Amino acid sequence: LGVAMRTLGQNPTEQELLDMINEVDFDGSGSIEFPEFCQMMKRMNKVRNISS
1 LGVAMRTLGQ NPTEQELLDM INEVDFDGSG SIEFPEFCQM MKRMNKVRNI SS
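At position 21 of the sequence shown the residue is numbered 21 (full-length UniProt numbering), and the sequence of numbers has no breaks.
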C-alpha cells in the first residue's frame, strides 16, 4: 500500500497506512484489494480538494 501511494504522490507514515488499512478493509482480509484501494484514494482526493 505504501509503495502504491508513494507512486501516486502521497507520503503516508506507517501509522497512517495501518489506519487506512483498518478503515477500508471492508472484507476483513487484513489486506487491501484493488476495489478497496480505489475507494480509499477517492476519499483522499476529496479531502485534499476540500483542503485546497
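These are calculated hints, taken from the structure and not from any lab test. None of these values were measured; they are calculated from a predicted model. Misleading hints may appear alongside valid ones.
[Stated by the list, open to error] FRET-style restraints, in silico, Cβ to Cβ:
1) Glu16 - Ile50: 16 to 24 Å
2) Cys38 - Glu16: 12 to 20 Å
3) Val3 - Asn45: 28 to 36 Å
4) Lys42 - Asn11: 16 to 24 Å
5) Gly30 - Ile50: 26 to 34 Å
6) Ile50 - Ser29: 26 to 34 Å
7) Leu8 - Ser31: 17 to 25 Å
8) Asp27 - Ala4: 15 to 23 Å
9) Asn45 - Ile21: 17 to 25 Å
10) Glu14 - Met41: 29 to 37 Å
Each residue gets a CB set at the ideal place from its N, CA and C atoms; glycine is no exception.
Item to check | Hint check, failures only | outcome: 3, 10
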